[in-house]
Amino acid sequence: QDGVCIGAFGRGSFAEREETAKMIPPVNSLVRYNNPILVATAKSKKPDAKATKEPAAVSQTEDILNSILPPREWTEDGQLWVQYVSSTPATRLDVINLQEELDRKLQQRQARETGICPVREELYSQTFDELIRQVTINCAERGLLLLRVRDEIRMTISAYQTLYESSVAFGMRKSLQAEQGKSDMEGRILSLEGEKKDLERQIQDLKAKCEAIEKRESERRQLEEKKHAEEVQFLKRTNAQLKQQLESILAPTAAAVKK
4 QDGVCIGAFG RGSFAEREET AKMIPPVNSL VRYNNPILVA TAKSKKPDAK ATKEPAAVSQ
64 TEDILNSILP PREWTEDGQL WVQYVSSTPA TRLDVINLQE ELDRKLQQRQ ARETGICPVR
124 EELYSQTFDE LIRQVTINCA ERGLLLLRVR DEIRMTISAY QTLYESSVAF GMRKSLQAEQ
184 GKSDMEGRIL SLEGEKKDLE RQIQDLKAKC EAIEKRESER RQLEEKKHAE EVQFLKRTNA
244 QLKQQLESIL APTAAAVKK
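Every position in the sequence shown, counted from 1, becomes a number in the working numbering once 3 is added.
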């Protein structure tokens, strides 16, 4: 039910709904209207008994009422019907009946008690229009002031509706961008993880190469040290042999010189 109410809130303005209502028979409203009359060539309203007694005052009041609450028009079986708002003053009992009728319709049409609900909005709008009608009959100036209040409220609601729709659209765009950014980020993460695995394999290969080079260089160094030690021992032996040979050669010569 929440989705139905919110979805209906974003469809069309109040003026558009009134324009559509002209083409179909109007539903029962909380605003009191006179009996509908058939329009032939011109829109006219039959004067009532009070109009014959006080034509100027009643005519002015009716004009104000018709400007505040325009007549309802609809076509039925190819005939144009019009229904003017009632100019009959309301009593205390009428107000009580209006309240009871409002509660009954709220329950009958299953209007939500909180949140956005077009059904509740429509019924309370009809109730406010009926109160404006009742006040206007007694005091036209007070009724016109209430009309300004009503229009300001509707304009504010329309502004909030536009803001709501734009915020929903903005949220959807941001959500789509986030989803797209999420998929891009997931792809980048997979790419970076692949690069990380390649680098780890390269590190392992380089470590193995380093160990092999260190082992080979260690073996080569050991061989060179061994070869160097052998050469030193060979040179020492050669030096000792040459020393012995030199001494054996020099010994007879020294003996002959003494003699």
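Quick caveat, the hints were computed from the structure, so don't treat them as lab data. Ideal Cβ positions, reconstructed from N, Cα and C, are used throughout, including at glycine. There's no promise every hint is true.
Quick list of the computed label-pair ranges, beta carbon to beta carbon [as the list claims (entries may be wrong)]:
1. 225 with 203: 29 to 37 angstroms
2. 175 with 94: 45 to 53 angstroms
3. 202 with 242: 24 to 32 angstroms
List of simulated lysine to aspartate or glutamate pairs, DMTMM-like, C-alpha gap at most 25 angstroms [claimed, not checked]:
4. 210 with 187
5. 199 with 189
6. 185 with 196
7. 177 with 198
8. 239 with 220
9. 200 with 220
10. 229 with 214
11. 246 with 233
12. 210 with 222
13. 108 with 144
14. 108 with 97
15. 212 with 189
16. 212 with 234
17. 218 with 233
18. 177 with 189
19. 229 with 217
20. 218 with 203
21. 185 with 198
22. 230 with 220
23. 200 with 222
Results for each hint:
no.	hint	result
1	225 with 203: 29 to 37 angstroms	33 angstroms, holds
2	175 with 94: 45 to 53 angstroms	52 angstroms, holds
3	202 with 242: 24 to 32 angstroms	58 angstroms, violated
4	210 with 187	34 angstroms, violated
5	199 with 189	15 angstroms, holds
6	185 with 196	16 angstroms, holds
7	177 with 198	31 angstroms, violated
8	239 with 220	28 angstroms, violated
9	200 with 220	30 angstroms, violated
10	229 with 214	22 angstroms, holds
11	246 with 233	20 angstroms, holds
12	210 with 222	18 angstroms, holds
13	108 with 144	30 angstroms, violated
14	108 with 97	16 angstroms, holds
15	212 with 189	35 angstroms, violated
16	212 with 234	32 angstroms, violated
17	218 with 233	23 angstroms, holds
18	177 with 189	18 angstroms, holds
19	229 with 217	18 angstroms, holds
20	218 with 203	22 angstroms, holds
21	185 with 198	20 angstroms, holds
22	230 with 220	15 angstroms, holds
23	200 with 222	33 angstroms, violated
When held up to the earlier numbered hints, the structure conflicts with 3, 4, 7, 8, 9, 13, 15, 16, 23 and fits the remainder.
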